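*Asks:* Residue numbers (my numbering), protein chains in the order written: chain C, 837 to 1322; chain V, 73 to 189; chain W, -15 to 477.
A hint or two may mislead.
To be verified - Derived coverage of chain C by chain W (criterion: at least 3 residues anywhere in the stretch with Cβ under 8 Å from a Cβ of chain W; other residues may be distant):
1) 903 to 912
2) 976 to 982
3) 1011 to 1017
4) 1020 to 1031
Worth flagging that the hints you see were computed from the coordinates, not collected in a lab.
Note that the structure is a prediction, hence the values are computed from the model and not measured.
By construction, the Cβ of each residue, glycine as well, lies at the ideal position given by its N, Cα and C atoms.
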Amino acid sequence: MSADQIAIIAAMTVPLLGAAAIAIAGKAPNLREGVTLVTALLLLAAVLSLLPDVLAGARPQWAFDEILPGIAIAFRVEPLGMIFALVASLLWPINSLYSIGYMRGNDESHQTRFYVCFAIALWAAMGIAFSANLVTLFIFYEVLTLSTYPLVTHKGTEAARDGGRVYLGILIATSIGLLLPAIVWTWSAAGTTDFTDGGILAGHLDGPLVGVLLFLFMFGIGKAALMPVHRWLPAAMVAPTPVSALLHAVAVVKAGVFTVVKVIVYVFGLETLQAEPSAQWLLYAAGFTIIVASVIALRQDNLKRRLAYSTVSQLSYVILAAAILAPLSVVGAALHIAAHAFGKITLFFAAGAIYTAAHKTEVSQLRGIGWRMPWTMTAFTIGSLSMIGVPPAAGFISKWYLLVGAFSMEQWVAVGVVVLSTVLNAAYFLPIVFSAFARDGDNGGPEHGEAPWPIVAALTATAALTVLLFLFHQIPLDLARQMAGA
Amino acid sequence: MVLLGQFNYWVVFFLMMTGFYVVIARGNLVAKIVGLNIFQTSVFLLYISMGKVAGGTAPIVLADGALYSNPLPHVLILTAIVVGVATTALGLALVVRIKEAYGTIEEDEIHAKDDSL
Amino acid sequence: MIVENLPALQVVLPLLAAPLCLLLSRGRPAWLVATLISWLGLAISVVLLWQVKDGSVIHYAFGGWAAPWGIEYVVDRLAAYVLLIVSLIAAVMMPYAWRSLSSEIDAHLLPLAFTLMLLCLAGLLGIVITGDAFNLFVLLEISSLSTYALISLGKDRRSLTAAYQYLIMGTIGATFFIIGVGLMYQLTGTLNMADLAERIDALEDRRTLKTAFAFITVGLALKLAMFPLHLWLPNAYTFAPSVVTAFLAATATKVALYAMIRFVYTVFGTHFAFESMHIEVLVLPLAAVGIFITSVVAVFQHDIKRMLAYSSVAQIGYMLLGIGMATVTGLTASLVHLFNHALMKGALFLALGAVCYRIGRCDIDRMAGIARDMPLTMAAFVVGGLSLIGVPLTVGFLSKWYLLSAAMELGWWPLAALVLVTSLIAVVYIGRVVEAAYFRERPAGTETVQEAPAVLLIPTWILVAANLYFGIHSSLTLGVAGDAAAHLFGAVK
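Assemble the whole structure, with the sequences as input and the hints as a guide.
*Replies:* In structure tokens:
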């Protein structure tokens, strides 16, 4: 057994053992949260140890057991999964720090359950990132859905229950109703569900059936939030902010678009889809989602809901980039998974910080708040710039590759969508920034300063990462290029 | 003549349908069990009559070459009768308990009582 | 010596222990005997499966009378597989039965209840193992009669009417069955199932055979609660004592289904059943309609036991779908689901039984907020529910996977869609219970209850663990089911 295999096994066991340890340590909050942080750091170390070999072109594998004849629960680290795993495991320790400040600052109940479910969710995200075939991916996809349900309904109120109902209803309905048959169909057509360079369906399926299967996959992956199956994402905003930040801006939604990119690249294969006119609809569906979600975001006054719709729109950037089917745009898709993660988690962290310090949830209440919470609102500004795609934030890099890809394929619709949505992004983010730093602004209310230090530290870190990713994007870029063969 | 030659089947058929009808149509729980008994008895007759060999005697002590009826169906039906008796006994016991619990053994009255629960 | 007689011991042990339980006349010793016997039964069935795993077949001539004249017990892979299911469920539930039953029935009836459970077990095991059609009828009635009596032990007086209703319908079914067997005997002069199968080949166009086929399938369909002959089942499951419900739901209908598979595939053969009689024309639509209707009905039940009972009818429909497809994959799906459903429904009913043990009746309103008081029990219920829905890492996922592949292999898209839609309906009815138990407040005026005692929790969690274990390490179930299914087809081709 090689060192890489041990690292994979470690990545697949550490969060689970961590969850158990957190449950055991539940009575002692300091110990419990110490265990969370240690688990998160161990996971990060395991994932990082895989990076050099994957960059060098290795594809470490590890199979657990055959669950169905010919289909094993198997893991294989390829570049795209590496990007996703890196993003998730890098942000987990930061988010844990933030959670500690937030959960204590707001006196939330059931904190042990919260941290246990969090660890299981991260475990599921690792499983998705490293899965070697569709069945393994599906397994962890469902684990992710189920483990986040108690987090969404954490507050146990009527609103939480209703949000949880929509959340679970849409995610389970799409995954069992559409994704599962798509996987079984792929299995019966191609005889395998292994992710393979160049796709596995070439020669097994052609004509309009390709479009139908693509339909099943794209709407079956409800976590990618392609309209009209996006409604779970705003519904999930009833959760505590750390959940919205790491799970509904990073782990869960990125698992969705990650699966989309994986299916397009490794199951269909770019060339199969390029040759098939019935598969072109995806580009328009993604473009539609980007624009409409942006327009809806523009009209939301609740900050977290605005961010949620912004996420819906940004997720479809990834789908759009993949649907352009140019290698360079697929690079953009992979980069956007990382870039959006850092930017959006910063924005959510800021929203949570505002809620913790000032108990404000609406955009209209934020006038002048930047002078009371300068760190928070500066970080918010950086996150916004990344969403819009302005240097020096990471969002610029991914948008650049997306556009280059679109030009190379002469997909003018995609270009138009990106330009229009950039304007819309600016329209719903910049006013928040401007009014927060308005000189005359003082909306009254009790005096308050910054949120507790773990929160500020966490959001400063992610904002810094957003800028750093712009400056040092070589590693993710190399990984993405390897995957797309560009 | 074919029809008459198979008269045992007509008897079986008639009893079977009578019993089945009683089970379905009667609302009295004891009557249902009586119907069930008729229904089962028809099957006993079916088995017993099929074992008969024309001109055959009882298979008890045999001279070589004597023609005798097939004993196996009869043996089977002994078992089936035991099962039938057990079923009837259990059914009647249940009826007694139902009478104790509801004060009636008419199906519609029982339904009326349980709906009011 | 003992090893040679294992097929007989499998059935005879519980049969002989049953009167012993009655003679003991005290609840606790009777329970100990019953538990011991059920564990021995599990050991025997494991050994039997081990012996036939390579595809060999054990023939055991009862009393030394050789087949086809004497009664023969036959253990092949399929039989050993179902024996294992039944005896595993019995072995897990017997320890549970004591606490659960003693809270629901009078103390002086307890030895009787264990007598009946052992008789029922003997009958079910016998149906699986016997190679003689008439013997099968006798064992079917042994298990059924004890079942009627067990159901009537329920607290609610409606258990009496439920038992009566079941008695009438069950007896009609059994009588239909022996009419069919009698006609076959008349035609072939044999009752041995293997012998029957050989002789039938030459007689395929006889009207007597077709009539026999009709009687036998309808009779068994009544016993296995095929829609729309399922009317006895919801009441019986609702009002029987909890552990009886759990035991029946996990074994009785499965064994009747096994008998159906035996007759359709082994005795009559696929050629006669599907190409001459077209049984699939009857079975598939009924199964499909039944799955859908009973799933929907389950959503609107207040009594959770009744809800799970309707769900059971739907699940039986899945198994019938697999049988009706007449392909190796379809039959494998049926057999896999036979095992898996026993595990998931067993776990669900045991968890529910533990709730009933504490709060009396399992009404959805009474169960509101119960998860706070009984977290472990409700966690078991949730895992069982996930398995029922077909979430990966549970056995339910494997069942769904096989059913879907079987449907897609044939290109039957509507059926695939039906399986998916009804899985989603299962999300709704399981979700209702979960929401009530986790999100609603305890009803006003009720005291907080304690977590269920360990004797109830441990068996429940053993089945929950089995749901997860066999959902990941599936080689045993999938391997045996796949081999058995292939063998059933290979034997007649």
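*Asks:* Going back to the hint list, which numbers does this structure go against?
*Replies:* Violated: none.
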